[in-house]
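K.L.:
When you get a sec, could you build the whole thing from the sequences and use the hints?
2 protein chains.
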Amino acid sequence: MSLVVQKYGGTSVGDTGRILNVARKVAATHGAGNQVVVVVSAMSGVTDSLIKLARDISPNPTEREMDVLLATGEQTTIALTAMAVNSLGKKAVSLTGAQAGIITDGVHTKAKIANITPRQIQDFLDEGYIVIVAGFQGSTLEGHVTTLGRGGSDLTAIALSSAIKASVCQIFTDVEGVYTCDPRVVPTARKLDEISYDEMLEMASSGSKVMQSRSVEFAKKFSVLFEVRSSFSDKPGTIVKEETMSMENVVIRGISIERNQAKVTISQVPDKPGVASRFFTAVAEANLMVDMIVQNVSFSGTTDISFTLHKEDLPKAKEVLEPVLKETGARELVARDGIAKLSVVGIGMRSHSGVAAQLFECLGRGGINIQMISTSEIKIAVILDEDKIVEAANLAHEAFGLGNS
Amino acid sequence: MSLVVQKYGGTSVGDTGRILNVARKVAATHGAGNQVVVVVSAMSGVTDSLIKLARDISPNPTEREMDVLLATGEQTTIALTAMAVNSLGKKAVSLTGAQAGIITDGVHTKAKIANITPRQIQDFLDEGYIVIVAGFQGSTLEGHVTTLGRGGSDLTAIALSSAIKASVCQIFTDVEGVYTCDPRVVPTARKLDEISYDEMLEMASSGSKVMQSRSVEFAKKFSVLFEVRSSFSDKPGTIVKEETMSMENVVIRGISIERNQAKVTISQVPDKPGVASRFFTAVAEANLMVDMIVQNVSFSGTTDISFTLHKEDLPKAKEVLEPVLKETGARELVARDGIAKLSVVGIGMRSHSGVAAQLFECLGRGGINIQMISTSEIKIAVILDEDKIVEAANLAHEAFGLGNS
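Which chain is which? The protein sequence lines are A and B, in order.
Numbering-wise (the numbering used here), the first sequence opens with residue 320 and increments by one.
Numbering-wise (the numbering used here), the second sequence opens with residue 320 and increments by one.
It should be emphasised that the hints constitute simulated quantities derived from the structure, not laboratory data.
Some clues are possibly wrong.
Note that the list lumps identical chains together, so a pair holds whenever it fits in one copy or between two copies.
[Stated by the list, open to error] In silico lysine to aspartate or glutamate, EDC-like type, Cα no more than 16 Å apart, as pairs:
| no. | residue 1 | residue 2 |
| --- | --- | --- |
| 1 | Lys-410 | Glu-382 |
| 2 | Lys-635 | Glu-495 |
| 3 | Lys-484 | Glu-631 |
| 4 | Lys-344 | Glu-680 |
| 5 | Lys-371 | Asp-334 |
| 6 | Lys-540 | Asp-553 |
| 7 | Lys-431 | Glu-382 |
P.N.:
This is the structure in structure tokens:
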């Protein structure tokens, strides 16, 4: 008998019909001889409605109370899901995050899981119950309700899998798995059977938002093997796991793209220690997320620094950088949007040279200009004009032989 | 410094604007130098929406899960109310029923309060917080969520008032207090300044549904003085308390009416022990609520038994009574709706004779026929044709001098 954790996101439990669909999948898994723990999110749209209610009350609602409010979203889903499973003749019981023993720190609206005491879950499993746990939420040791922030339900599923030593953790979502590239962009994109944690992390941070990075990082840290698959089909999805020797035979696992980027270049920054940090401190204090940062070697005592960020954050970034520009004596700030990022990812590139050359060559052949380049051990990312991104993705997908054969 | 418990019902917290209105009342009470504990219901309509969701899942949803589901209604309100009070610059904190220490038995959807351990409430009060508690809900000793059934939020407020020894418990609702009669029926009806528990109970059980009887019974048992008043005005309401000597000077406190009644008469029932019980057992097993029961003395070895119930329950009642009719050898069952009940209530009638005569006389003068009569120590109830009930209420209101002078 295996112990299976299944997580269903907001779209998968978006209405009562879909909840009944989830219940059938859960019952079937149990019927096949498994113990089953189910983690569910709030029904899609519910969290946004609750946030709207809170904003109607106050522009700056108390964070402790925000957590009490938002936690009702998943509590609604666990009750309905347990009812649905019961209606199929299986024994099911719902547990809130607190009841499931998910203890967090006290940082409301973005709490971190401190530890899990799954005693109640174990007791109910031992009695033959299917246990339905509210994702995204926990409680402090003092009993205050907390929520885990974005991607919190995935995190609940993966942390629970680790705590109860589940055989497998299945993340059900509205896509069929992780693809070599977004199929809406590259029609020949192929679903991957498996991917390593590190590749998944690079894909996630490069725009393939199947899961938040923090859940993948948690899974990597505690070696939780998980599968990303669709709640609307019965096909196997993509297994995310430790890298194996054979994985390195594939040089490039996939390509991710991120649109709506903007680029800021600050020119002739005095090349002295601490100067660059003043720009990025200003940006960080404004709660803006910077993605790629590029600084080239300097020859003349000054240097040019470029970085990218989401285009919506550009006006705010300009506003907070202008004063720093004056203070530091840098020359000027040039900003533009209409750019996009393309990343090729694969642990195999560690042991294969020439990947960068191959990428640049294929883009050059297409007449696509590369504006910035950034690399990690298993990723090469380039910034291009946004109107070239579809063509670039298809060219690279073809060049690295990722399509259906 | 007084300790005040305020309870706001679903209509009073029906939208975010009304929640802000409640917050202003709460903040003003705190600003006047009181410690304040607030009990709130689910926003009006929310509980019904949740029940509808559950029915979409299953015609017969698990009761444990029903409680987990319904408890989200008040949890939403406590969070929003605490945010609203915070936004006015006061310190507020929300507590679910479980967090507030409300321990119940395990009878899901209609749990009884077993005891209250208000340690968290006390701690927060001591730290200067306004404490916002979810009405209608509690938790078993094992930590399962329970709800208290109809009128549960009033019960929470009154039980909490007793547990924390509040100076006063204010039940805010959408009426200005308890009236001598429904002002929509009797235009001269007058708001009562005070009423005894027993009178309030008789009024409640006779159609004046300001509060459920169980909350009044609890208040009586634990001598909790409470005030029923409007959340939409600042006028004082009606104080409900132990009877005092002076209360007996008023013979009749008020008149309540109940429409949509139906009457069933079973004729020539064999007058033997245990026969009557078979009819009422059949009705009770069908979960039908019987109100008035009348049986007259028998002369011929058989007797006629009549009772009243809500007209919606009539078809079901006929269905379950027909087989008993045959078994017992009673002659026939005559049922009709289109009747209503009028009750005059007052603890003063204990020491005053002639109340019944006065009531019958005034109805007779109006040419209104009395179909059934039932009395308790402090109430006389009569069954009339429904189309005469408004006239009857006005006649009785006048006859007992209840109107505005």
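K.L.:
Run every hint past the structure and note whether it holds.
P.N.:
Okay, the hints, checked on the actual structure:
no., hint, in the structure
1, Lys-410 with Glu-382, "between (36 Å within a copy, 13 Å between copies)"
2, Lys-635 with Glu-495, "neither (37 Å within a copy, 52 Å between copies)"
3, Lys-484 with Glu-631, "neither (42 Å within a copy, 55 Å between copies)"
4, Lys-344 with Glu-680, "neither (47 Å within a copy, 71 Å between copies)"
5, Lys-371 with Asp-334, "between (20 Å within a copy, 12 Å between copies)"
6, Lys-540 with Asp-553, "neither (29 Å within a copy, 59 Å between copies)"
7, Lys-431 with Glu-382, "within (15 Å within a copy, 33 Å between copies)"
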